[in-house]
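Undergrad: Here the protein sequences come in this chain order: E and F. Note that the numbering used here has the first sequence beginning at 1, numbered continuously upward. Note that the numbering used here has the second sequence beginning at 1, numbered continuously upward.
Check each hint, because a few of them may be wrong.
To be verified - One-sided and incomplete, this derived list gives chain F residues near chain E with beta-carbon spacing under 8 Å: (1) Asp-51; (2) Tyr-64; (3) Leu-102; (4) Gly-105.
By construction, these hints were calculated from the structure, which means they are not laboratory data. Remember, it's a predicted structure, so these values are computed and weren't measured experimentally. Cβ atoms here follow ideal geometry from the backbone N, Cα and C, with glycine treated the same way.
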Amino acid sequence: GQNIDQPTEMTATEGAIVQINCTYQTSGFNGLFWYQQHAGEAPTFLSYNVLDGLEEKGRFSSFLSRSKGYSYLLLKELQMKDSASYLCAVSYYGQNFVFGPGTRLSVLP
Amino acid sequence: DVKVTQSSRYLVKRTGEKVFLECVQDMDHENMFWYRQDPGLGLRLIYFSYDVKMKEKGDIPEGYSVSREKKERFSLILESASTNQTSMYLCASSLGANTGELFFGEGSRLTVL
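Using the sequences and the accompanying hints, generate a full structural model.
TA: Right under this line is the structure:
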């Protein structure tokens with residue numbers, strides 16, 4: 001079966017760095033995705049890891065360790081507009097995407 | 001720009017009614033998906049389709065059916081709506097096997113009274 005866990009809520013301060021973790025008990029997937037979802041809006045793609053290691057995209061980075069069943073999304077220089085839910089998802093060769101429950105991040109001034 | 005369009009942002013239906021949720025993508029994507037999103041449960045896959053007229057059950061297909069007569073269009077059907085189907089429904093598409101991220105529509109918030 002598939003089991004993906006994320007913290008339910010996190011709070012951080014504007015300008016800070018925050019790490020959102022995603023742990024999973026599944027195998028056979030070819031990639032791990034991170035999405036951002038603002039309240040009342042559709043999820044939008046942030047980052048994608050196929051291989052173990054760090055992928056950096058501006059203020060956002062994502063890390064994957066398949067041996068540890070673990071990924072994280074790192075957000076630097078937090079801005080108020082980063083207040084949103086962050087969803088981790090594993091992809092099974094593009095034909096199925098299984099999502100975690102999401103982490104709601106609140107950025108405080 | 002990539003676009004996935006869902007026909008209705010908000011719907012209110014009565015128990016027992018038949019409900020159609022339409023989704024159209026303009027990216028020539030092979031794969032299309034229907035998810036529902038509920039607080040605390042995240043996105044759960046209802047059905048997906050990897051080709052015209054092909055469909056696969058997801059994690060929670062009970063009470064739903066789908067139709068994909070054309071590549072660009074994927075419809076979700078609730079044959080007899082029930083109150084526990086009140087939810088946000090999200091359609092998504094992806095390029096094809098082994099490739100690409102999901103592109104989501106804006107969502108359809110369905111309330112069943």
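Undergrad: Run every hint past the structure and note whether it holds.
TA: Each hint tested on the structure:
1. Asp-51: Interface hint status for Asp-51 of chain F: violated (11 Å vs cutoff 8 Å).
2. Tyr-64: Nearest chain E Cβ about 16 Å off; hint violated.
3. Leu-102: holds (6 Å)
4. Gly-105: Holds, about 6 Å.
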